[in-house]
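Trainee: Heads up: the sequence lines are chains G and X, in that order. Going by the working numbering, the letters in the first sequence line up with residues 1 to 510, in that order. Going by the working numbering, the letters in the second sequence line up with residues 511 to 627, in that order.
Calculated from the structure, these hints are not laboratory results. In this text, all values refer to a predicted model and were calculated from it rather than measured experimentally.
Straight-line alpha carbon distances no greater than 25 Å define the calculated DSS-like cross-link-like pairs of lysine-lysine that follow:
(1) Lys38(G) / Lys366(G)
(2) Lys38(G) / Lys364(G)
(3) Lys528(X) / Lys614(X)
(4) Lys318(G) / Lys144(G)
(5) Lys214(G) / Lys227(G)
(6) Lys492(G) / Lys537(X)
(7) Lys575(X) / Lys214(G)
(8) Lys614(X) / Lys537(X)
(9) Lys543(X) / Lys528(X)
(10) Lys214(G) / Lys318(G)
(11) Lys575(X) / Lys227(G)
(12) Lys543(X) / Lys492(G)
(13) Lys614(X) / Lys38(G)
(14) Lys528(X) / Lys492(G)
(15) Lys543(X) / Lys614(X)
Residues per chain, in single letters:
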Amino acid sequence: MNAITVAMFVVILIVSLGITAWAARRTQTTSDFYAAGKGLTAAQNGFALAGDWCSAAAFLGFTGLTALYGMDGALYAVGPLVAFCTVLLLIAEPLRNTGTYTIGDVIMYRMRQPPALAAAIVSTVVINLAYLIPQMAGAGVLIKLLLGIPYNVSVMLVGCGMIIYVAAGGMLATSWVQIIKAVLMLGAGAVILFLALAGVGFDPLALFASAQEKAGPDFLLPGNLLKNPFDEVSLGLGYMLGLAGLPHVMTRFYTVPDATTARRSVIWVMFLAGAFFACTTIFGLAAVHYLGPQALRVGNPGGNLTLPLLAQHLGGGKNAIGGQLMLGFVSAVAVATILAVVAGLTLATSAAVANDFYVSLLKKGKVEERRQVVVARVTAVLVGIVATLLGILAEGVNVAVLVILAICIAASTNFPMLVLSLFWRRFNTGGVIGGMTLGLVSSVGLALIGPAYLGANALWPLVNPTVIALPLGVLGAVVGSLLAGRDVEHEKRFGEVMFRIQTGVRSSQS
Amino acid sequence: MVAEAKLKSAEALPDVWKDGVESAEFKALIDAKQRAIVPMIIIYIGGYMGLSILAGFGRGLLGIKVLGAVNLGFMLIAGNYLMSWLLGIVYARVSANRHDPLVKLVVDRAAARRRPQ
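With the hints as extra help, turn the sequences into a complete structure.
Mentor: Here it is, written out as structure tokens:
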């Protein structure tokens, strides 16, 4: 066990628990609990978005994929930045203007019918769990590797951390945990980038040449990881439209005072996270240059140890104090990364269950404010316990595939549901249910009969079914709307929806 | 008057939308937004899906060496980073300079029309 990692990890824990205690005293109302009192600045929310969106798959995974598979790793890294173009141009401001705490709020405001809200709750909970379970399982594997703690204990430790952050400190604590994680991640990235480039005279082209020389002539070509061309297209499509349907990231736009601030926070995250994603490509090539392709494959099949190993090498190697310091730092940041992401997911899931299901659907909004906060806190504890148990059960499951599935479901269900709700006059409850059902069934169904779960016996060739599931989700939404027939009152009210999307002005009935 | 000047977007304005949504300034706002957003959507979807499709079907093309060992594929990936950042900056500027003042105009006029005489 690396004493430096443990020491840094303990410091991060103490700081984040201190913040939680501070945030807990400031969390009195539902607006505090779900949306940090809507008081974050654009820069704060931008950092928190970066902390929320960059999971361990981004922090460790992209570097590893580039080191093992060349260009496909770089393609994995650029998509999550382009995804924010969709969010910036179509989603962030309208979402902030129409909703209060959740994606379900937007759907309910537009449709005013409980079945539409129920559909939004189902897709939100399914997406969040599909995203949360691999994060928990990844945390277990990573902490076991880095600190030597057994898998089950590691998952439970992460579970306890996230439950305390969310149940006690709500969105305010979650946001600050994410901000700190983003600062640590960017700091680690800057140090590694400087050291990696210093070794080649600050000439990134030399890293490309060296990586190609060491890993073979095909290394810098696409298709080394994703053998089926349609999987490359699915990856692109899923990223481009899936982020806009991920509830735990989208709910961050409710933490700022208005749509203008929401927009400015997207610009922040595009530069913060985008710069880090670009660096992971350099890190991957640098790992091949400094460590050699063979050394990277030993005991590192998914590539998740590439970045810690590179950091150790750049710090001076295994036996140097600098090497141990760098390894400890990167490992501690990796754990902080996971904690920040699972906290965001737990909060978004609790909001869907407590706010959308219990308060809006079950009690028709007739719940006292104080009681709503109590329900939200209890729900956060329960969601956390369920996620921890599922994380323990998921040991050995291919976690990368589950993350892809979560993004695929988000792109095929929540994305069409949100965009059509905001911009299509004829879209109605029938469309919400049709789109949700077809999108969810096709993405989960096709993933289950694909190579990710059936291996060589797969009934269909793609790991990532977005290229089929997304058009089916849209088709279900359109056909469902048309089949449900026209509702003149509902379509007339779209004027109010349009006005509120653009101005944020609420009418008397909403 | 003072209260209206300080009008916050989150405040409820009963039925203001009925006139607001028909007003010339609201139509001007929608026009201005569409003029900015539609071309940007075409640019980034074209740029990024073009890259994704070439990654799947244009292996040879993306492998053409452009700068030392750096091939066309990596140049296009770098291009996608620049494209996203540029779009972000341009959209933020256009929104702040053109859209935001129009939004304020729409809300102010709609509120003024509703003010009890």
